[in-house]
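Respectively, the protein sequence lines represent chains Y and U.
For what it's worth, this note's numbering labels the leading residue of the first sequence as 115, then goes sequentially.
For what it's worth, this note's numbering labels the leading residue of the second sequence as 1084, then goes sequentially.
To be clear, the hints were calculated from the coordinates, so they are not data collected in a lab.
Heads up, a few of these hints could be off.
What the hints assert, rightly or not - Example chain U residues on the side facing chain Y (calculated, C-beta under 10 Å, incomplete):
#1 Asp-1112
#2 Ser-1119
#3 Arg-1123
#4 Arg-1133
#5 Thr-1135
#6 Ala-1143
#7 Val-1145
#8 Thr-1230
#9 Ser-1233
#10 Val-1247
#11 Arg-1252
#12 Val-1328
#13 Ala-1331
#14 Arg-1360
#15 Arg-1432
As the list claims (entries may be wrong) - Under the rule of at most 30 Å between Cα atoms (straight-line distance), these lysine-lysine pairs were calculated in the DSSO-like manner:
#16 Lys-196/Y x Lys-1387/U
#17 Lys-377/Y x Lys-340/Y
#18 Lys-1387/U x Lys-340/Y
#19 Lys-340/Y x Lys-291/Y
#20 Lys-377/Y x Lys-1387/U
Ideal placement from N, C-alpha and C gives every residue a C-beta, glycine not left out.
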Amino acid sequence: MNETDLAQGMRDERYFADEGLLTAVYLALTLGRPLLLEGEPGVGKTEIASVLASVLGRELVRLQCYEGLDAGQALYEWDYPKQLLHLRAAAERAVGDVYGDDFLLERPLLRSLRCERGAVLLVDEVDRADSEFEAFLLEYLGDFQITIPELGTVRATVTPVVVLTSNRTRELHDALKRRCLYHWIPFPDNERERAIVRAHVPTIEEDAATTLVRAVAGARRLDLLKRPGIAESVEWARGAVALAGTGDPWPVALRRALGLLIKDEEDMALVRRDFEELIG
Amino acid sequence: MTSAVDHVRGFLRDLREQGLPVPVQRQRDFLRALASVPPRDVRHLYWIARTTLTTALRDAEVFDPVFARWFGDGAVAVVPSEVDVPGQERQAPDPSDGDPPDQVVQEGAGREASWSIVDRRASFAATTDDRRVLAELRGLLPGAVPTIRSRRRRPARRGDRLDVRKVHREAWRTGGEVVGLRWRRHPQRQRPMLVLIDVSGSMRQHSADYLRFAHAVVGVCDRAEVFTFGTTLTHVTSALRVREVDAALSGLAEVVRDAGGGTRIGPSLQEFLGNTRRLRMARGALVLVLSDGLERGDCVPLTKAVRRLSLLGHRLVWWSPLACDPAYRPVTRGMARVVGHVDALAGVRDLETARDQLTKGAHAWR
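The shape of chain Y in the complex, shown without the other chains (with noise of 0.2 Å):
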């Protein structure tokens, strides 16, 4: 698959990069590297993976971090109980055969590692898991392979296309790092984000989306606490249209479903007093 192939697939799938990330997607691809992304929320790291997961045919896996993940439920876990009903149910077996595969549970790391058509791994926030958890991901990283210690090491049937995403709430860990490529995200252009939002609110005007994208621009200008990522303006977007089929006219419609763009009482009233102006 070349770049501009790539390209036209994520479009299929209503996604809408610019150079800069398609560049590192398909760096990613060809050079079989995990990819790290950072941005503001809602600029679509997370979506990323599931695109890349149809338009490569392949599974998404997704591990989800989180303050105290442990390996156990990251890489694998021996099923215990399983393990004893077997000894006691046959007491002269050998010790050695409770460590096969028939015991093993799965977790996403490991998962995606044994899948036949290879997988799309999304690691996802993963600055929310704590730094020791980092080093569990190295090995992985680094050669796509999981050592049990009871079992040996598990490679990769196909290499994964592995994706991490972070909100930058900590400083990650220069190890992990350098296993990675990098890519920060920014906000789209206005361009990008109207044929965004008219992918997904299909029944969107175009004039009307004009307006939507540039009141959006206009409010991420602003001193905001949590500036709108395109995950909002697109449910604005959605919004907007369901009450302007209610009859409302447009600026009301957009008024009324501010709601669905800021999400804080402060930047509310900020959005509030300056409306006018940015609806032009």
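With chain Y held as given, fit chain U onto it using these hints.
Same frame as chain Y, now just chain U:
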């Protein structure tokens, strides 16, 4: 061909000299990328190089000029405009490689002048009395810091979840027969501590003791972060990790440059809140602000920042030297608005009063 290789090598060397050393592994990625994805144009090359060679958004500050020097004819055309860059990077970019530029010595902001207070007080610190109180503080602190249930389970005598792994291990010795059960539970762990210390001129006589207190906090608590603020915000946790309290305080002089100067509490706190990485330190934490709350100028940023801090943290405790006076009422413009968002306002002016607060007032921290 050789010249191209030399050119790339020169580019990588220049990057390193400009303060962006690229590990060999990533350099190899870059070269492999060039071999397998021949760049269409300079812009494409830019993205290939940036994806493989940088690891953080701020790297672009070093990377972009170097790239433009080696590959760009129209230097600006190569660099795409970053529309949005969050938090710290949105402010004026540093020309240097990430280190804050040394501040020009101004009247009242000079290093010597500002830290004479600490140096002078350092002789007092040697008194055995102060050291005794500090030792008492260290003993009191772990019990005073509120706790939270850890997310991880640990083996425990009594617990809520069977430790199947351990039961299984032990059953092996008895031929698969389960003789005793083992349990795991969520242990309690300390909440994070966030200490914000006012080092402005009006707090001159208290800041040294406050910093000593902060030194004890950093030394004893599991997760503690300390910031000082006067006109700017300074992260001082690592400077306070020095074991010896006097050494730590004189080391602080290297870091804190705005002591004894003016007060900008609101803007400093907002600077703290504007950065997601710092924001994380306040989340669920016990936030302790040591300040008299005498804000000059506009009080709106102060009120907003304090309100946000109290929503983010577990408890927001405000220690003010003025509140030591029994007749004190928070009526100054700043404090009057702030006090509604604060969980506890207490009077602390030195180590003894801090100790009294820990023994008597710590219930407000729970």
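Verification of the hints:
1. Of the supplied interface hints, the one on Asp-1112/U holds, with its beta-carbon coming within about 6 Å of a beta-carbon of chain Y, less than 10 Å.
2. At about 5 Å, the closest approach between the beta carbon of Ser-1119/U and any beta carbon in chain Y falls short of 10 Å, and the interface hint on this residue holds.
3. Below 10 Å, beta-carbon pairs count as interface contacts, and Arg-1123/U has one with chain Y at about 9 Å; its hint therefore holds.
4. Evaluation of the Arg-1133/U hint against chain Y yields a held restraint, the C-beta minimum of about 7 Å falling below 10 Å.
5. At a threshold of 10 Å, the smallest CB-CB gap from Thr-1135/U to chain Y is about 6 Å, leaving the interface hint in force.
6. With a cut of 10 Å, the hint placing Ala-1143/U at the interface with chain Y holds, because the nearest CB-to-CB distance is about 8 Å.
7. For Val-1145/U, the interface hint is violated, the least distance from its beta-carbon to any beta-carbon of chain Y being 14 Å, above 10 Å.
8. Given the 10 Å rule on beta carbons, the hint for Thr-1230/U is violated: about 15 Å separates it from the nearest Cβ of chain Y.
9. Look at Ser-1233/U: its Cβ gets to within about 7 Å of chain Y, closer than 10 Å, so that hint holds up.
10. The beta carbon of Val-1247/U comes within 4 Å of a beta carbon in chain Y, closer than 10 Å, and the hint placing it at the interface holds.
11. Annotation: interface hint on Arg-1252/U holds; nearest CB of chain Y at approximately 9 Å, less than 10 Å.
12. Using the Cβ-Cβ criterion of 10 Å, the hint placing Val-1328/U at the interface with chain Y is not satisfied: the shortest such distance is roughly 28 Å.
13. The criterion of a C-beta within 10 Å of any C-beta in chain Y is not met by Ala-1331/U, whose closest approach is roughly 23 Å, and the hint is violated.
14. For the restraint placing Arg-1360/U at the interface with chain Y, the shortest Cβ-Cβ distance is roughly 6 Å, inside the 10 Å limit, so the hint holds.
15. For Arg-1432/U, the interface hint is violated, the least distance from its beta-carbon to any beta-carbon of chain Y being 34 Å, above 10 Å.
16. For the hint linking Lys-196/Y to Lys-1387/U, the alpha-carbon distance of about 56 Å lies beyond 30 Å, and the restraint is violated.
17. For a cut-off of 30 Å, the pair hint linking Lys-377/Y to Lys-340/Y stands: about 8 Å separates their Cα positions.
18. Of the supplied pair hints, the one linking Lys-1387/U and Lys-340/Y holds, its CA atoms being roughly 15 Å apart against a limit of 30 Å.
19. Using a Cα cut-off of 30 Å, the hinted pair Lys-340/Y and Lys-291/Y holds, with the two alpha carbons roughly 27 Å apart.
20. About 17 Å separates the Cα atoms of Lys-377/Y and Lys-1387/U, which keeps this hinted pair within 30 Å; it holds.
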